[in-house]
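S.K.: Note that numbering that gives the first Met the number 0 gives residue 30 to position 31 of the sequence shown, counting from 1, and the numbers run on in steps of one.
If you are wondering where the hints come from, they were derived from the structure by calculation, not from laboratory data.
From the three backbone atoms N, C-alpha and C, an ideal C-beta is built for every residue, glycine too.
Be careful, since some hints might not be right.
DEER-style ranges, computed between Cβ atoms [as the list claims (entries may be wrong)]:
1. GLU37 to GLU77: 26 to 36 angstroms
2. GLU37 to ASN98: 29 to 39 angstroms
3. ALA55 to ASP90: 13 to 23 angstroms
4. ASN70 to ASP112: 27 to 37 angstroms
5. GLU37 to HIS74: 34 to 44 angstroms
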Amino acid sequence: MHKAMRALSVSLILILSSLAGCLADDEIVTSDVELDDENYGTVMVSTYHVGQLVSAVAGDSITIEYMSQDNIPVHDYEPSASDLIRLQQADIFFYHGLNLEPWVESTLSSLGDDAPPSYMTHAMPTGESALDYESMLVSNLCELMIDGPFESTTLGMISEDEHDDHDDEMTPELLLELFDSNNDSYLSWDELWDGWNSNDDDHD
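Build out the structure end to end from the sequences listed, making use of the hints.
M.R.: Here is the structure:
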């Protein structure tokens, strides 16, 4: 019994000592409490997902409002007069970017100096103005081929006579060559994937 009490006492002393180190200064504790209770203003966001991102970072220290008050697809949404007033009154505005919200640029321009500071949560790499879908597709395919080589799948619409010429093992280099030579006859990702799977089934 005495050993148990001694162990409990030692544990309490260690815990209280740790807390004392964390609470070293009463002024610091007070300022932290005041900081938690402070609201830094209203943040306007363009979509629910942007709102979730901002909320995850700022927590309860801000008030989040959404541009669209109705369940309207973000591509089809157009700000109403009341929406513009709410945006004008916001302290800051976050939107997705990448032209997901086609109304943003014209809306901010129409508000002029009354527009709040605005920031994109998603942006293109510096110097780029459009997504390079071909490079993204090639990159994904090359990742799938890490365990290769595999027998090639036709990437373009070619005749049966030409098929034998492409019956090689597929490598990233050959893939890039096929893309360059079939610029006008790309298959969709679904068509490419179905063709790849059917090619594997033929060799089982």
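S.K.: Take the hints in turn and mark each one as holding or not.
M.R.: Evaluation of the provided hints:
In this structure, GLU37 and GLU77 meet the distance hint of 26 to 36 angstroms, their C-beta atoms being roughly 35 angstroms apart. Restraint check, GLU37 to ASN98: a C-beta distance of roughly 36 angstroms satisfies the suggested window 29 to 39 angstroms. The given range of 13 to 23 angstroms is respected by ALA55 and ASP90, whose C-beta atoms sit roughly 18 angstroms from each other. At roughly 32 angstroms, the beta carbons of ASN70 and ASP112 sit within the given window of 27 to 37 angstroms.
A beta carbon spacing of about 37 angstroms between GLU37 and HIS74 agrees with the range 34 to 44 angstroms that was offered as a hint.
Comparing the model with each earlier hint shows no violations; every hint is respected.
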